[in-house]
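Engineer: Sequence:
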Amino acid sequence: AIDNIRKQLQIAGSPTGLGPGEFFALRWAFAGLGVILAIVILRQGMDLRTMTIAALAFLVCFLAPSYWLSTKVRARQNQMRKGLPDALDMLSVCSSAGLGFDQSLLRISEHWNTPIGVEFGKVINEMEMGFSRRDALRNLAERADVQELSSFIAFVLQSEQLGMSLSETLHSQAAQMR
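Residue numbering for the sequence shown is 71 to 248, as defined by our numbering.
It is worth saying that the hints were derived from the structure and are not from the lab. Here the structure is a predicted model, which is why all the values come from computation and not from measurement. It is possible that some hints are incorrect.
List of simulated lysine-lysine pairs, DSS-like, C-alpha gap at most 25 Å [claimed, not checked]:
(1) K77 x K142
(2) K192 x K152
(3) K192 x K77
Using the sequences and the accompanying hints, generate a full structural model.
Structural biologist: Written out as structure tokens, the structure is:
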């Protein structure tokens, strides 16, 4: 469960700096709030209507943190999906201008304050720490958990192995993703 929450928090971009332990504490706090709210509601009477409202209040409080996290995960993944074609176009333009792939990623990460720009920055940081480009890109695919991004990374790694030109193929892949 902790690894699953850690993965979701990572995909969501670590909203509010929460770690898995803090998230579980938040879930238990909301569950406690739900119990208190249910008790307050049940003090009004023990008929079917108040019992139903109390149960719903508890469920809403208990499920609210998980719902919030899943919403953050989907929103960030959608932002990455929407930003990927533009990032591919920018990579294509940078590589056509003579920059290498790593320098193109760096340029995007410096000028774009978007989820895809932040993730490209993490790739550059990992490569500066000694990870190979292949490992840094695979870490990105795992971190983001976006199918389109994983396909792009597989494409880049394959074209790197085959020695293909990236600039033309990046532009065509961006058009295809749109």
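Engineer: Give a verdict on every hint.
Structural biologist: Cross-check of the supplied hints:
Distance restraint check for K77 and K142: the Cα-Cα separation of roughly 12 Å lies within the 25 Å cut-off, and the hinted pair is therefore satisfied. Of the supplied pair hints, the one linking K192 and K152 holds, its CA atoms being roughly 19 Å apart against a limit of 25 Å. For the given pair, K192 sits about 16 Å from K77 by alpha-carbon distance, which is consistent with the 25 Å threshold.
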